[in-house]
Amino acid sequence: LAKTTQPISMDSYEGQEVNITCSHNNIATNDYITWYQQFPSQGPRFIIQGYKTKVTNEVASLFIPADRKSSTLSLPRVSLSDTAVYYCLVGPSGAGSYQLTFGKGTKLSVIP
Amino acid sequence: GAGVSQTPSNKVTEKGKYVELRCDPISGHTALYWYRQSLGQGPEFLIYFQGTGAADDSGLPNDRFFAVRPEGSVSTLKIQRTERGDSAVYLCASSSTGTGKWDEQFFGPGTRLTVL
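The listed protein sequences correspond, in order, to chains V and R. Counted the way the numbering used here counts, the first sequence spans residues 1 to 112. Counted the way the numbering used here counts, the second sequence spans residues 1 to 116.
A hint or two may mislead.
[What the hints assert, rightly or not] Here are some chain V residues pointing at chain R (derived, C-beta under 7 Å):
| no. | residue |
| --- | --- |
| 1 | Ala28 |
| 2 | Tyr32 |
| 3 | Phe63 |
| 4 | Tyr87 |
No lab work stands behind these hints: they were computed from the structure. Remember, it's a predicted structure, so these values are computed and weren't measured experimentally. Here a beta-carbon is modelled for each residue, glycine too, at the ideal position from N, C-alpha and C.
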């Protein structure tokens, strides 16, 4: 599975837009990019998934450049409740590979 | 609708004891996964079931760990001769079968295992 690199932590004030960038230089042709969110004492929760260009849902946007070697999760107007760890995942590579490989994620702290 | 549930939420045991952790997936989901999460780390894959069979158990750390899903729904993770290093949060996830796109996995709240 493709290795990902993302910042360990980020701070933001309430109401600001937050962009978390993930690098995945060796992404494979059939890989998708997926982001999960994890609050303390809870399991991870799927946020968004994309393959190329831009994907938007009610929670976030995901921007993927043409070379797909990086991606950016954008959270509009964050609130205190967005304080969580955000994981960038890339895969699957290879037939039948459904396991998720998590890194350490980015710990986002939203400040009042 | 009901999500993935896990019991117990907390389990404290002594070194050398046997423990069982239970996972109830979302109804109708045929795929079930177990992960383990240590403090400050992301979840680490343990095993994946498709229906009743373990399709991928490559993440189980050693033969003290075993998991079953006899009827294709509820799963039990079993740990024999527990060690202090087994202390972690054990997460269960489920997903519907799918082709092509990487299925969204729905996680339970986890079982916090503490081995004294």
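We went through each hint and held it up to the structure:
Violation of the interface hint for V/Ala28 is found here, the shortest Cβ-Cβ separation to chain R being roughly 12 Å, above the 7 Å cut-off. Checking V/Tyr32 against chain R: minimum C-beta separation of about 5 Å stays under 7 Å; hint holds. This hint is violated: V/Phe63 has a C-beta 19 Å from the nearest C-beta of chain R, more than the 7 Å allowed. A least Cβ separation of about 6 Å between V/Tyr87 and chain R falls short of the 7 Å threshold, and the interface hint therefore holds.
Violation of the numbered hints given earlier is confined to hints 1, 3; the remaining hints are satisfied by the structure.
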